[in-house]
Amino acid sequence: MVTEGSDTRIVTSRRLGGRIPLILLAVAALVFPWVFEDAHTQHVLIMIFIYGLMALGWNIIAGYCGQISLGQAIFFGIGAYSTSFLFANFGITPWIGMLFGVAVSLVVAVGIGLPTLRLRGHYFAIATLVIGEITQTIFINWEYVGGATGIWIPIVWDDPWYTFQFHDSKIPTYYIGLAFLTGGLAFTYWMERSKLGLYFRAIRDEPDAASSLGVNLGRYKLLAFMIAA
1 MVTEGSDTRI VTSRRLGGRI PLILLAVAAL VFPWVFEDAH TQHVLIMIFI
51 YGLMALGWNI IAGYCGQISL GQAIFFGIGA YSTSFLFANF GITPWIGMLF
101 GVAVSLVVAV GIGLPTLRLR GHYFAIATLV IGEITQTIFI NWEYVGGATG
151 IWIPIVWDDP WYTFQFHDSK IPTYYIGLAF LTGGLAFTYW MERSKLGLYF
201 RAIRDEPDAA SSLGVNLGRY KLLAFMIAA
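So the sequence shown is numbered by the working numbering: it starts at 1 and just counts up by one.
Be aware that one or more of the hints could be misleading.
Claimed, not checked - When the alpha-carbon atoms are kept at most 25 Å apart in a straight line, the in silico SDA-like pairs for lysine to any residue are as follows:
1) Lys170 <-> Phe180
2) Lys195 <-> Pro207
3) Lys195 <-> Tyr175
4) Lys195 <-> Ile227
5) Lys170 <-> Gly66
6) Lys170 <-> Gly91
7) Lys195 <-> Gly121
8) Lys170 <-> Gly150
9) Lys170 <-> Ala39
10) Lys195 <-> Gly66
11) Lys170 <-> Tyr220
12) Lys195 <-> Leu217
13) Lys195 <-> Leu56
14) Lys195 <-> Trp95
15) Lys170 <-> Ile50
16) Lys170 <-> Ala28
17) Lys170 <-> Tyr189
18) Lys170 <-> Ile48
19) Lys170 <-> Pro207
20) Lys195 <-> Ala210
21) Lys195 <-> Val27
22) Lys195 <-> Trp58
23) Lys170 <-> Ile23
24) Lys195 <-> Val215
25) Lys195 <-> Ser212
26) Lys170 <-> Ile227
27) Lys195 <-> Lys170
28) Lys170 <-> Met47
29) Lys170 <-> Val104
30) Lys195 <-> Val110
To be verified - Here are the in silico distance ranges between beta carbons for each label pair:
31) Pro115 <-> Gly91: 31 to 39 Å
32) His167 <-> Thr137: 46 to 54 Å
33) Phe100 <-> Thr137: 20 to 28 Å
34) Thr93 <-> Trp142: 36 to 44 Å
35) Trp157 <-> Asp208: 19 to 27 Å
36) Phe100 <-> Leu24: 19 to 27 Å
37) Gly214 <-> Phe166: 44 to 52 Å
38) Phe100 <-> Ile155: 20 to 28 Å
39) Phe166 <-> Asp208: 45 to 53 Å
40) Gly52 <-> Thr93: 19 to 27 Å
It should be emphasised that the hints constitute simulated quantities derived from the structure, not laboratory data. As the structure is a prediction and not an experimental result, all values here were calculated from the model. Note that CB positions come from ideal geometry on N, CA and C, so glycine has one too.
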């Protein structure tokens, strides 16, 4: 006979069993740069973290909300340009520059999202693709931000945590990238189980039904677009 206590133990053991791979993955990620000390290998992982974070953002607007955006690189580039421009021209630490880049990306997301999110399906995808290509052309020909050569970043050897330039080792950059990706995964995990995630999936699967139940389609599409930025 199975008792209530045994049922509880079975459920607990299953939960722990499901978390063991995540725990092992977390431990592996933490010790990786100390086991594989090759700078190139660490650089590859850092780039995976960066593009993984970008993929999480795209998955919010396209995967959860069902709006296929082909212009997300706009916000990726704006954040990088904002951070680099402030440091190169005013000596502002990239930590503040990243916050400024996020703010600028949100403003641009609102400016792009308000008109384009009125479109549906392929029309929205085409609109974002066109805007992305236009933005790229503007920056390539805009000499104020370096044109096709980009922004020249001065090399600074002092105070690496202020300048975000770690010349002796890639390990600090590795852990910073890992922290950002972990934060993005944690937010996605929370969002998926919240009302916000429920609204996004309702808009993706049955937009008309969601609207009839009181979900403001325009507001939540724009919110997803801003989060993805």
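Hints versus structure:
The straight-line distance between the Cα atoms of Lys170 and Phe180 is roughly 16 Å, inside the 25 Å bound, and the hint therefore holds. The straight-line distance between the Cα atoms of Lys195 and Pro207 is roughly 16 Å, inside the 25 Å bound, and the hint therefore holds. Taking the CA atoms of Lys195 and Tyr175, the gap is near 31 Å; set against the 25 Å cutoff, the hint is violated. Distance check on the hinted pair: Lys195 and Ile227 sit about 15 Å apart at the alpha-carbon level, within 25 Å; holds.
Of the pairs offered as hints, the one joining Lys170 and Gly66 is violated, with about 37 Å between alpha carbons and a cut-off of 25 Å exceeded. This hinted pair checks out: Lys170 and Gly91 have alpha carbons roughly 22 Å apart, not beyond 25 Å. A hinted pair counts as satisfied when its Cα atoms are at most 25 Å apart, and Lys195 with Gly121 qualifies at roughly 24 Å. Restraint check: the Cα-Cα separation between Lys170 and Gly150 comes to about 23 Å, which is no more than 25 Å; the hinted pair holds.
Under the criterion of a C-alpha separation no larger than 25 Å, the hint pairing Lys170 with Ala39 is consistent with the structure, at around 7 Å. Distance hint between Lys195 and Gly66 is fulfilled; the C-alpha atoms sit about 16 Å from each other, no more than 25 Å. Distance check on the hinted pair: Lys170 and Tyr220 sit about 39 Å apart at the alpha-carbon level, beyond 25 Å; violated. A hinted pair counts as satisfied when its Cα atoms are at most 25 Å apart, and Lys195 with Leu217 qualifies at roughly 14 Å.
Restraint check: the Cα-Cα separation between Lys195 and Leu56 comes to about 19 Å, which is no more than 25 Å; the hinted pair holds. Between the alpha carbons of Lys195 and Trp95 the distance comes to roughly 31 Å, so the proposed pair goes past 25 Å and is violated. Proximity of Lys170 to Ile50 is assessed by CA-CA distance (about 14 Å); at most 25 Å being required, the pair is judged to hold. A distance of roughly 17 Å separates the Cα atoms of Lys170 and Ala28; the hinted pair therefore holds under the 25 Å criterion.
Among the hinted pairs, Lys170 with Tyr189 is inconsistent with the structure: their alpha-carbon atoms are about 28 Å apart, more than 25 Å. Under the criterion of a C-alpha separation no larger than 25 Å, the hint pairing Lys170 with Ile48 is consistent with the structure, at around 14 Å. For the suggested pair Lys170 and Pro207, the alpha carbons sit about 46 Å apart, so the restraint of at most 25 Å is broken. As the CA atoms of Lys195 and Ala210 are separated by approximately 13 Å, the hinted pair is consistent with the 25 Å bound.
Proximity of Lys195 to Val27 is assessed by CA-CA distance (about 32 Å); at most 25 Å being required, the pair is judged violated. At roughly 19 Å between alpha-carbon atoms, Lys195 and Trp58 fall within 25 Å of each other, so this suggested pair holds. At most 25 Å may separate the alpha-carbon atoms for a hinted pair to count; Lys170 and Ile23 meet this at roughly 24 Å. Distance restraint check for Lys195 and Val215: the Cα-Cα separation of roughly 11 Å lies within the 25 Å cut-off, and the hinted pair is therefore satisfied.
Using a Cα cut-off of 25 Å, the hinted pair Lys195 and Ser212 holds, with the two alpha carbons roughly 17 Å apart. For the proposed pair Lys170 and Ile227, the alpha carbon gap of about 29 Å is over 25 Å, so the pair is violated. Among the hinted pairs, Lys195 with Lys170 is inconsistent with the structure: their alpha-carbon atoms are about 39 Å apart, more than 25 Å. Restraint check for Lys170 and Met47: satisfied, since their Cα atoms lie roughly 12 Å apart, inside the 25 Å limit.
A hinted pair counts as satisfied when its Cα atoms are at most 25 Å apart, and Lys170 with Val104 does not qualify at roughly 28 Å. Taking the CA atoms of Lys195 and Val110, the gap is about 22 Å. The hint holds against a cut of 25 Å. Judged by the Cβ atoms, the range 31 to 39 Å given for Pro115 and Gly91 holds: they are separated by roughly 37 Å. For the pair His167 and Thr137, the supplied restraint of 46 to 54 Å is violated, since their beta-carbon distance comes to about 34 Å.
Between Phe100 and Thr137 the Cβ separation comes to about 24 Å, which falls inside the hinted range of 20 to 28 Å. Restraint check, Thr93 to Trp142: a C-beta distance of roughly 24 Å breaks the suggested window 36 to 44 Å. Checked against the given bound of 19 to 27 Å, the beta carbons of Trp157 and Asp208, roughly 60 Å apart, lie outside it. For Phe100 and Leu24, the hinted distance range of 19 to 27 Å is not satisfied, since their beta carbons lie about 38 Å from each other.
The hinted window of 44 to 52 Å between Gly214 and Phe166 holds, with their beta carbons roughly 50 Å apart. Distance hint check: the CB atoms of Phe100 and Ile155 are about 22 Å apart, consistent with the given range 20 to 28 Å. Checking the proposed 45 to 53 Å range against Phe166 and Asp208 shows it holds: the Cβ atoms sit about 52 Å from each other. The hinted window of 19 to 27 Å between Gly52 and Thr93 holds, with their beta carbons roughly 24 Å apart.
In terms of the numbered hints stated before, the structure departs from hints 3, 5, 11, 14, 17, 19, 21, 26, 27, 29, 32, 34, 35 and 36, listed from lowest to highest.
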